[in-house]
Amino acid sequence: MNDHEVPAGPEGPQGPGGPDGSAPLTVLGAGVPRLEGWDKTEGSARYAAEWTPPGCAYGRPVPATVARGRITGIDATDALAMEGALAVLTHENAPRITEPDDATLDVLQDEWVPHRGWHVALAVAETPETAQAMAEAVRIEYAEEPHDVRIHDDHPGLYQPDEANGGAAGATSRGDVESELAAAHHTVDVLYAIPPLHNHPMEPHAATAEWTEGPEGARLVAHDSSQGATPVRDTLAALFSLDTARVTVVSEHVGGGFGNKGTPRPHVVLAAMASRHTGRPVKVVLPRRHLPFVTGHRAPTLQRVRLGADAEGRLTAVDHDVVTHTSTVKEFVEQAAVPARTMYASTASRTRHRVAALDVPTPSWMRAPGEAPGMYALEAAMDELAVELGMDPIELRLRNEPDVEPQTGKPFSSRRLADCLREGARLFGWADRDPRPGVRRSGDLLIGTGVAASTYPALLAPSTATAEARDDGTFHVRINATDIGTGARTVLAQVAAEALGVGPQAVRIDIGNSDLPDAPLAGGSSGTASWGWAVHAACTELRTSGSSVATVDTTADVQAREDYARHAFGAVFAEVQADTVTGEVRTRRLLGVFAAGRILNARLARSQFLGGMTMGLGMALTEHSSIDRATGGFVETDLASYHVPSCADVPEQFEAHWLAEEDPHLTPVGGKGIGEIGIVGTAAAFTNALHHATGVRHRTLPHTPDRVGADLRVPAR
Amino acid sequence: MKPFTYERAATPEQAVSSYAARPGARYLAGGTNLVDLMKLGVERPEHLIDVSGLPLDRVEHTVDGGLRVGAAVRNSDLAAHPAVRRDHPVLSQALLAGASGQLRNAATTGGNLLQRTRCPYFQDTSVPCNKREPGSGCSALHGSHRDMAVLGHSDDCVATHPSDMAVALAALDAEVELLGPEGRRTVPAADFHRLPGDDPHQDTVLRPGELIVSVTVPPPPAGARSAYRKARERASYAFALASVAVVLARAQDGTVRHVALAFGGLAHRPWRARTAEELLTGAPLTTEACSRAVEAELAAARPLSGNAFKVSLARSLAVHMLTALAEGGADGTSPQRA
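Chains A and B are the protein sequences, given in the same order. Start counting the first sequence at 1; every next residue gets the next number (the UniProt record's numbering). Start counting the second sequence at 1; every next residue gets the next number (the UniProt record's numbering).
Heads up, a few of these hints could be off.
A few chain B residues facing chain A, derived, Cβ under 8 Å [to be verified]: (1) Y6; (2) T11; (3) G101; (4) R116; (5) P120; (6) E233; (7) A251; (8) L313.
Hints in this document: simulated from the structure, not taken from any laboratory. Given the structure is predicted, the values throughout are model-derived calculations rather than measurements. Idealized CB from N, CA, C, for every residue including glycine.
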């Protein structure tokens, strides 16, 4: 690492602007506090459930209580007799919708129940309390059919999909893996398991929909808790056969999503149906306990990883085989074998997904889909190989750095994994590490450290944006970006300010409304890059053209990009302690170093990295959902039983660092996306640290006392 | 939520007579559990009698050197009370191990004792549960087992009692003072909760309409040390996988003069380990003796398919805490973070 490439610290450069109002040179990159921070603090920032139009009614969905079957009878008499009851929508009377591309939205259209928790009715009333009471009073008869909710690696329904999530190939093969494994000096052949996981954003899914009929036809306005108002608008327009110009979706403030608000969800469809049916605005707020069933989950994965290496630790074979489930509603394949196509050079490689469609709720995007579970297995296996070789795990990774992306042969736009590993090692004090497992004891505690690499693709989607010069010298930027708590609104104002050559205070930015210029959703860590390019281009055109308004569409620019493998990289270091009395594993230190292109706001970036690593901590140590085989439903359905990390789980020594990375092949703004990479690799770093602490390999997540303690506690006499 | 009526009681006597006059009444204190269960449709009271404002919010010293804790004393206040911290660290530690800061600020002593199991099947009105709906069946028996009971359960119910505080009170030989339509009576804290048997609908020995007015904690045995330790999968806001409360006093010669041992997270009630206590009392306190005593206690365990780990966890916790208290080292708190 060169001297001038000192990583920006957590505080980063700060710059309030010049005394004459001129733009500070550091406007992009500065730790500008989020623009809506005060509104959120004092409660004036309004979320979807907080829009209550005059005459608003309330809808409460009724979840199916069987895991597979057919509705044979509905009795809503008692519900409709309640004071304040307005309607009970079911497949018998709900508005017909055009068959959606996403079948999870095909609600109340027929009598089939594909999984437990599927919404089979919607009670609508004058108050939310009455709607809930009605929902409980609707009696539904089912013809129940036997269900299957258990995935295992010899499930007869397993098949190899053509594609996994994100359009990735279902399987790849390069060279002869079996021959290389047979000839390898050292091999690892291990099975890892990750349970179902749930996103559980703080704000439950909610929508307020208002359907009005006028002389120009129907009009639909929805306030929705969504990661992308443009796709929600397009979906609602298609379902209800409306022109997109007659539909407005607002997602001004969103209380987290982590993927499960990335696609339109049934609550907004139900709200729109109910508004159309009753002629009233209707609000639908999902109870926390409905979320696990109708807003997606990370599918469980069983991952077999086989690695072969020569005597010097150079990989000769990488074989990553993933078994997972999807629902009968639609195919979603967690693309956990995908990162192995990018990470390491090897003579031969094979990656494969197999999936079975079970009677389970439909899985979907959750917190770095593909990369988070896949890199858990790959990076834990790399650690096992390092131990097998008697080699430092960082050195093993350095020896297998590829010149080009292994599967595609494409050049990397930039790849600073090696620098992240080295810089992390320096900051963490890795050089002093005694590699022997199970030898560091402090009282009842066994202590260990571990490292893992992380990666996430630098995704990009076309976007539009408008910039306008005002008479008062300020600028108005409009784009339907979504701020799901990341700080996107603030960063886009910074992008605009830099392109315009003004301070951020001279920019007004409007986001979160589908009437604004179309933009892609906040997902795949691609929002800031996609929207930022459009904002940058609009502002640049405004400044250079001399006109008062400029609108751009980056579609052609995005399509014209050169063919590079574009990925962010990082390295995560963890120190854990395992209590030999209880088997409790707690975090002592956590440190990540990331190379993700240009960092646009140091304050917000740090929050993104730390938040991602905290999610990785949860994946490693505390979070798990289970499916009850008898009921077919998820068991942990609230925040008391689904254990996201608490503040007490996060260590005081918790650091995020990043390397300066100039990548000319990204966008004019230069960032790679930082929302998800923090979680990737973190679970493996914990797993590797736990082995270093205890000398025992734990391959099933999470590392809870029931599993870890079995090997640590005093055995029975 | 079903409509209900609400009143604020002025005196304990008035609360009890109101209860008797109103079928379907429930006492409401901090509401941290009852209100949740009402939202879920698990509890469907016709009438709520708010007892949180009753003059039962003080911790008083008794003439014999013990403490009388009013039923409305908040968990956080009780945990912070100087006499509790000095004389009964096990109680302070147990309280602080429970729930979260916000919940402890709202939850009361009486309400803590009366909180219901967090068995997920009990909380899900769409599946059978004998505790919620007698005779409907036990979904947990063939369901997700990890957090269920290993001691004292029946085919009708395998739920555990979630309280940490109650485990400490059981070990402290505390007594629960009740006021009911037929007057006052006192029940030992260790006998306040019951095993499920064929009637898991009943969590406690409370008779209809009885109100907890206070909990009396006797003075600590001379020279006693006490501590609480809870194992859980996150560092805060998680129920015990297993927990242990220990009160220990030794004679001059090092033998055990007094020992009380209670487990949480293992049964339908705090599990007072009488068998282990009998084996230990009067004996020298060696690791060997502790192990033997705790294993004798846990010989009664009948783990389900998914929770055998609880037996070894409880054994490990108890032996560790007994020996650590004997050495004067354990403060019972969770291990220090770096």
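Quick one, is the L313(B) hint okay against chain A at 8 Å, beta carbons?
At about 6 Å, which falls below the 8 Å cut-off, the nearest Cβ of chain A leaves the hint on L313(B) intact, so it holds.
Next item in the hint list is P120(B). Is there a CB on chain A closer than 8 Å to its CB?
Nearest chain A Cβ about 5 Å off; hint holds.
Regarding the hint that G101(B) lies at the interface with chain A, is the smallest CB-CB distance below 8 Å?
violated, 10 Å
Using 8 Å as the Cβ threshold, decide whether A251(B) counts as touching chain A.
Cβ of A251(B) sits 26 Å from chain A, so the hint is violated.
Interface hint status, R116(B) versus chain A (Cβ within 8 Å):
violated, 13 Å
Would the hint on Y6(B) be counted as holding, given a Cβ-Cβ threshold of 8 Å to chain A?
violated, 14 Å
Status of the T11(B) interface restraint (C-beta, 8 Å, chain A)
Since chain A brings no Cβ nearer than about 31 Å to T11(B), farther than 8 Å, the hint is violated.
Status of the hint placing E233(B) at chain A (closest C-beta pair under 8 Å)
holds, 4 Å
Of the numbered hints given earlier, the model fails hints 1, 2, 3, 4, 7; all others are met.
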